[in-house]
Amino acid sequence: MNTGWLIGTALIAVIAAPLIGGWLKGIDRRLTARMQGRWGPPLLQPFYDVIKLFGKNPMVAGRTQTVFAYAFLGLTVTAVVFFALMQDLLMLLFILFFGSLCLPLGALSVKSPYSQLGGHRELLRFLAYEPILLLAAVPIALKVDGFSITAILEHGEPLLPGLWLTFIALLIALAMVMRKSPFDVSSSEHAHQELVGGVLTEYSGPYLALIELGHWYEMVLVLSVLGLFWAAGSLWWLSIIIALLGWLVILLVDNTSARLTWSSMLRFAWGAGIGLIALNIVLIHLGWM
Amino acid sequence: MTDALVGLTVLFPILTGLICLLFRSRKARGGMVYVTAAVLIVSGLFFLARGVGPIEYSPDAGWNSLITALNYAILVYFAFVAGRDILRRGASRHSVLSLVLAVAAAIPVAVFQFSGMSHGASGASPVLYICHFSMLRVVLVSFVGALICIYSLRYMRLHEEQQTRLGGLIGTRQPRFFFYMLIFMGAMNGVALSNNLLWLAFFWNLTMLCAYALIRHDETAQAITGAFRTLWICLIGGVCLSVTVILAWQGPLNTLSLVTLVEAGAVAYPMLLLPFALLCVAGFTRAAQPPFHRWGIRAALVTPAPARAMLYPFKTIGAFIILYLSPAFHGTHLAPFLAVFGATGAVAFALMAISQRRSESALVCSVISNLGLIILCAGIGTPLAMAAGVMLIIFLTISMVLLHLSTGAIEQKVGGADIDDMEGLARRQPVLAGITVTAMLSLLVAPFGILISKWAAIQAAPAIGTWSALVLVLLILSIGASTVFWAKWIGRILCERPAPTRASREPFVAQYHGILLVLVGLAVLFSLLIAPVFDAIVGPILVDAGYDPALAFITERWFLRTAGGVFAGWPVFIGVALALVLPLLTVRLRPETGRAAYMCGENVEMGSDEFIAVGDEKTELKTGGFYMEGVLGEQRLERLIVPAGVVLLSILIALVVI
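Chains as they are written, first to last, in the numbering used here: chain A, 1 to 289; chain B, 1 to 658.
Please note that a few of the clues may not be correct.
Claimed, not checked - Just so you have them, the derived chain B footprint on chain A, three or more residues with Cβ under 8 Å:
{"id": "1", "segment": "64-71"}
{"id": "2", "segment": "108-120"}
{"id": "3", "segment": "123-129"}
{"id": "4", "segment": "145-157"}
Just so you know, these hints were derived from the structure itself, not from any lab.
For clarity, every value in this text was computed on a predicted model and none was experimentally measured.
Glycine included, each C-beta is placed from N, C-alpha and C at the ideal position.
Can you build the whole structure from these sequences, using the hints too?
So this is what it looks like as structure tokens:
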């Protein structure tokens, strides 16, 4: 692989990821509306929103929060680039986590009641999903004998049959990454709730747009990790179907469940999510999976 | 050459410590501290650069009798102070146990020496053994120790001024303080270089004496209690060490030489498992692992900041010794057990740290948690895990000492040690806040060395088989919990109310900011240069331990490549620089973009914390961190941790004896 090829791949990923993410977000809003008996916005509405946000006058509650908005986007993009370059899965997860931490740090940097509440809850959400994502890398590595994405792609057969327990755990983590019900403790798309905008309360205009873009990258990255479960072999295109199916399940659950308290969320994540993966690791060691 | 090394790193600080005690003027003290710091740093770097290979070294036989006599003297002193405390303040659990255990630590050594058992023992084993591992320990202790001592010149002066203001201090206790600080460094270097178990026991007890004296330095009732608590818990380790002396000499190899025991290993000589387990227990007491953790947390609350920082290398001695023994019990059933033990401590204290309101006890929880990770690495015991453990020690020493010192400086400025007192520090003390936040980030995010070590530990863990599922779950939960803990704290430091004012300027104090900046620089530089650091420092240690460094990492274009993964260190650094550092340096905001925080439209005015509450009354907004004391509070967790620790220890003993 030469340098030009590497840069090209990285560029394509950086450009394509938000397009896919925004488009998925559009479908999300449309489907959600239909499930709630509404018509819903146009498919491209998320793009219109972000473009409009970028055009607004900046209004900020402190310099630090703007720095963290840039850092959230920048680090998430870095993680996406490392994914596209098929680097170490654990390493790119660590970068993704650094990016995700910038959001609560930005929220906590403003002395604002709702922002503080949202920031702390965001940290609890982080505590719920971060271990699941990290631990999920281990059974994958045990199967393909390595932590790099190249190793997964070079592994001759799809991972899902031996790792379906891990896959279910990752779906739980995906719902938390996307801040979907029942795991939307840290921010809410609807005002007039106990946490107002939560972690996003103090963000507006162009800085909110940066964060929205970052969310699209984040979602595409986690969906890509789901896709890795069927990325090898001749039926590689099934990976896209599997990722989208997982995403649909999350939407369905989002519209049929209410917000959990943070303690129930942690219990569920640590009990079900981590329990499933730990079981998977044990079964692999025993040679049963 | 070896004479010079031992003389400069062990005897010299002890000598200058004595001078500090005898010549009580401030100038003499300052001079001695600077000279000692310079000598320790220069000699440490010099010997590191020259690469002192594995050398066995025994000084004149006369030293053996002196060391023996001094060892008894220290134990007698422990018994004496404990007895005096019982007479003065009445019998308490801590002083009685100190008395009993000081005697108990002396008995095995006395039995060994006076029963004729010891015939030929002192000469039979090389007294000191200088290898890459012990050199690393000497360099780390000398370097951070020297910086801590320079820092304490200013800190202790301000500390005593404050104490005098409050009344209760007449004269100065600084000569005594620096006496113990300086010989503490010599003693810790002595522990690092000792190979003969009798010498090891002496230096081990000497470090305990320094820790005891520094913890009770303020002489308040809590300080004295804290010192005795530390003493008796650490003396359990002293007793273990004394018993090990007999077991090693009566064992199959008939030796007191630690390196001989380690090279023989417990796989070839199962009889050695018991002494190794006892040394591990001694390490647990030092590293404040459960159930021996309580001294660490309590002592931190009563000790002046520089002494608290010095207690960090003191605790690491425990992790070092377990890591050093790791190749010796690799392959026995002790190893996976140790991994589970370390992981349990790591996750328990990472969680407990979240509930701590005071910065000192929160830091100590984090220290205990991280030392648990090192023990976990020692338990896994593969070359990769060993490398991860050594790198953890290097990076943690820099970052943890840095944090102890910076929170000490903040505490003096802010006048409180609560984490919530640090709210808005970024505006009040921007430089100090920046240093502290960087140090905290170095503990929790990629691409800093500590996270790279944890990355390596995750990769190494599957090697221990089915138990790895448990170890990995605990390890990863500890990473998650500690991330939340640090992020929460960083959030408190950065938290400021929206106001058009700029950050205030902060006067530069060389003894504080200079030292802290050196440490921050090292934390960043070492992380950036992690591949060369591995090749130059960690690789030779693995070779000494009989491992092939290539089985841990292959460094290629400054990437760290393991058997299963690769950490692209500098590209990640570039990513972080572009994403975080660039906006930090370049974002400029016009004043008119500033807006007050959202308070449902009930703000009083821009730049004020107040909002209009019930009855149109102006009420000040107060914010604080989450501590979740109901779930993760110390009292609640203690009820789980202590029984868990006792059960795990009992299993350990049972495993070894059966």
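Going through the hints against the structure:
1. Counting residues of the segment 64-71 of chain A whose C-beta lies closer than 8 Å to any C-beta of chain B gives 5; at least three are required, and the coverage claim holds.
2. A count of 11 residues in the segment 108-120 of chain A with a Cβ less than 8 Å from any Cβ of chain B is obtained; the coverage claim is therefore met, three being the minimum.
3. With 4 residues bearing a CB less than 8 Å from a CB of chain B, the segment 123-129 of chain A meets the requirement of three and the coverage assertion stands.
4. Under a criterion of three residues with beta carbons nearer than 8 Å to beta carbons of chain B, the stated coverage of the segment 145-157 of chain A is upheld, 5 such residues being counted.
Taken one by one, the earlier hints all hold for this structure without exception.
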